[in-house]
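Asker: Chains R and V supply the protein sequences, listed in that same order. Start counting the first sequence at 85; every next residue gets the next number (our numbering). Start counting the second sequence at 1119; every next residue gets the next number (our numbering).
Bear in mind the hints are in silico, worked out from the structure with no lab data behind them. Fair warning: there could be bad hints in the mix.
Derived SDA-like pairs: lysine to any residue, alpha-carbon spacing no greater than 25 Å straight-line [to be verified]: (1) V:1239 <-> R:178; (2) V:1239 <-> R:159; (3) V:1213 <-> R:109; (4) V:1274 <-> V:1211.
One-sided excerpt, in silico: chain R residues whose CB lies under 8 Å from chain V [claimed, not checked]: (5) 119; (6) 136; (7) 137; (8) 152; (9) 153; (10) 154.
Calculated from the model, a selection of chain V residues having no Cβ within reach of chain R, i.e. all distances over 10 Å [said to hold, decoys possible]: (11) 1122; (12) 1124; (13) 1127; (14) 1128; (15) 1132; (16) 1135; (17) 1197; (18) 1206; (19) 1207; (20) 1211; (21) 1215; (22) 1217; (23) 1237; (24) 1249; (25) 1266; (26) 1275.
Remember, it's a predicted structure, so these values are computed and weren't measured experimentally. Think of the CB as a built atom: it goes at the ideal place given N, C-alpha and C, for glycine as much as any other residue.
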Amino acid sequence: VAIRRVLIANRGEIAVRIIRTCRALQIESVLAASEADRDSLPARLADRTVCIGPARPSESYLRADTLVHAALGVHADAIHPGYGFLSERTALAQLCEEHGVRFIGPTASQIAAVGDKLRARAAAEALDIPVVPGGPVSSPDEAQALARRIGTPLLVKAAGGGGGRGMKRVDTLDELPAALELAASEAGAAFGDARVYLERFVALGRHIEVQILGDGEGRVIHLGERDCSVQRRYQKLVEETPAPALPESLRGALHEAAVRFAQALAYRGAGTVEFLVEPQREAFYLLEMNARIQVEHPVTEAVTGVDLVAEQIAIAEGDGLRLRQPDIARRGWAIECRVNAEDPAQDFRPSPGVVREVTWPSGPGIRVDTHIVEGARIPPFYDSLMAKIIAHGMDRQTALGRLEHAVCAARVVGVASNLALQSSILADLQFQAGGVDTGFLPRLLERTRLAGSGDRG
Amino acid sequence: VTLTAKEVAEITRLLEDSTFDELYLEMDGFKLSLRRSGSVPTEAAPAASATPPPAPEAQRRPVGGATAADTRLAPDPGVQDVPAPLLGTFYRAPKPGAPPFVEVGSAVEEDTVIGIIEVMKLMNAVRASVRGTVTEVPAQDGVLVEYGETLIRVRKAT
Chain R
85 VAIRRVLIAN RGEIAVRIIR TCRALQIESV LAASEADRDS LPARLADRTV CIGPARPSES
145 YLRADTLVHA ALGVHADAIH PGYGFLSERT ALAQLCEEHG VRFIGPTASQ IAAVGDKLRA
205 RAAAEALDIP VVPGGPVSSP DEAQALARRI GTPLLVKAAG GGGGRGMKRV DTLDELPAAL
265 ELAASEAGAA FGDARVYLER FVALGRHIEV QILGDGEGRV IHLGERDCSV QRRYQKLVEE
325 TPAPALPESL RGALHEAAVR FAQALAYRGA GTVEFLVEPQ REAFYLLEMN ARIQVEHPVT
385 EAVTGVDLVA EQIAIAEGDG LRLRQPDIAR RGWAIECRVN AEDPAQDFRP SPGVVREVTW
445 PSGPGIRVDT HIVEGARIPP FYDSLMAKII AHGMDRQTAL GRLEHAVCAA RVVGVASNLA
505 LQSSILADLQ FQAGGVDTGF LPRLLERTRL AGSGDRG
Chain V
1119 VTLTAKEVAE ITRLLEDSTF DELYLEMDGF KLSLRRSGSV PTEAAPAASA TPPPAPEAQR
1179 RPVGGATAAD TRLAPDPGVQ DVPAPLLGTF YRAPKPGAPP FVEVGSAVEE DTVIGIIEVM
1239 KLMNAVRASV RGTVTEVPAQ DGVLVEYGET LIRVRKAT
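Given only the sequences and the hints, what does the whole structure look like? Please build it.
Answerer: Below you can see the structure in the form of structure tokens.
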């Protein structure tokens, strides 16, 4: 059944991105905006905006009941949750299911299945997909025994966490009891779920994820992988596809494992299966599945030519998969830089404020996804993402060259940005060689810090 | 069994005098939730569109349609807007056919219930938060109101 009107339960660049596809499909867009976002670019672009509450997310973007009431009130057929906020909480999907509003995403039970990291681990193990050595623990004794088996350093993770939230690193076994207790109490407070598990800490890994689409009936295709190893504290800064310097056998194995994992769930919609890859061992471990559109989805769109938001909508309409695996051809290389309103020199402190001047780049192979225009406000209540600059080219060198020029041409005045850091990442010889691990950015920052203090001394 | 306007006002007063911030009452399919922190902001609410949910034919607004043009004359400083403290369906009366909580000319106290905002079957009592006389009721009964949209206007008592 065709969707005619979509309520967008999100803000910022992803709201602009969703509106763009709605326009192309001649679907009306209604933006659910907080008071702080009433005059934002997506509010101006949407066919209609409804103010759902105050700036604070807990009183607006995180109110599932308000969002579904708004959708019913404006006669929207569907809700697009974007990423973050309610996209991966069962509450919104569940309410939508109960009130006949289509949720553009997986079912509530699929969100619950992948949101519980212990369940996801068990599901992967049942499919013979490797996971990082470790497992659930329910008592300190059990934890000690397991920790001795897997060895240190290790991570204590929250069953309800994910994406770096709710984890503690343990370097020696005597630190374990305190870390367990702290992790459990933090997890209880943050996720309402105090269950924790242990995992071996893999120091030199690469973060590679596979984009999939599922029809909800067990048919799943993949759209290749993305390498997101340039991270700081689990926050991704640069993403690219294909993953550079990856043996073809390993690449194929990742795709196959991701598809099999999603098939077992009869997953519906767009999703991403994240892996930790140890290239020197040619080993990989499934980390988690993200049941939403990802921030970094445009690099996949660039090389496949597929509009992932349009496919999400088609699946929600009940059309299933319009593409078969052989239809997915990947052409060239794409790299994305996230431009954040934060100051790398001040320990990445967020820099809210008003953007007085802004210039975004353009040119062959350049795409910019942003909600930041001159005069835009960056409220302190939300994440600091201002824009994503994506460069596409026939090969990695071309894409990288285009991206370097594009990042240089970008200019933001009024708030701090990480543009200079992005330039130094792209110019780094290790990054240019390709295939860096997740320790790359921390090492680069440390070198820069030492160089900086040397200048002053 | 539902509650009359008077009873809702009375319950509101009970909460007001108690040490609690929130009250949630459910009886025979009728739900009432009262929240002390849900009191209306004191500063003037931003201009809000008072349009009802769009009929399927009334769609596309021009770009920049985020906030509808406010066609009112310059605001009278003696008159205060009472904005919706949350998005939901506004009800002027405790039940269909019952007399409205307030009408033009009604005297209101800060804690007078002026209407109910329903969010997914949950009834939230809205109080005036200002003392005076109702001069206007721009919000229509049974219609979706946005957060910050003006429900009633009150000439402040001096």
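Asker: Could you run down the list of hints and mark each one as holding or not?
Answerer: Each hint, compared with the structure:
| no. | hint | verdict |
| --- | --- | --- |
| 1 | V:1239 <-> R:178 | 16 Å, holds |
| 2 | V:1239 <-> R:159 | 17 Å, holds |
| 3 | V:1213 <-> R:109 | 42 Å, violated |
| 4 | V:1274 <-> V:1211 | 23 Å, holds |
| 5 | 119 | 6 Å, holds |
| 6 | 136 | 5 Å, holds |
| 7 | 137 | 5 Å, holds |
| 8 | 152 | 6 Å, holds |
| 9 | 153 | 5 Å, holds |
| 10 | 154 | 6 Å, holds |
| 11 | 1122 | 25 Å, holds |
| 12 | 1124 | 27 Å, holds |
| 13 | 1127 | 25 Å, holds |
| 14 | 1128 | 26 Å, holds |
| 15 | 1132 | 25 Å, holds |
| 16 | 1135 | 26 Å, holds |
| 17 | 1197 | 22 Å, holds |
| 18 | 1206 | 6 Å, violated |
| 19 | 1207 | 7 Å, violated |
| 20 | 1211 | 19 Å, holds |
| 21 | 1215 | 22 Å, holds |
| 22 | 1217 | 25 Å, holds |
| 23 | 1237 | 5 Å, violated |
| 24 | 1249 | 24 Å, holds |
| 25 | 1266 | 6 Å, violated |
| 26 | 1275 | 28 Å, holds |
When held up to the earlier numbered hints, the structure conflicts with 3, 18, 19, 23 and 25 and fits the remainder.
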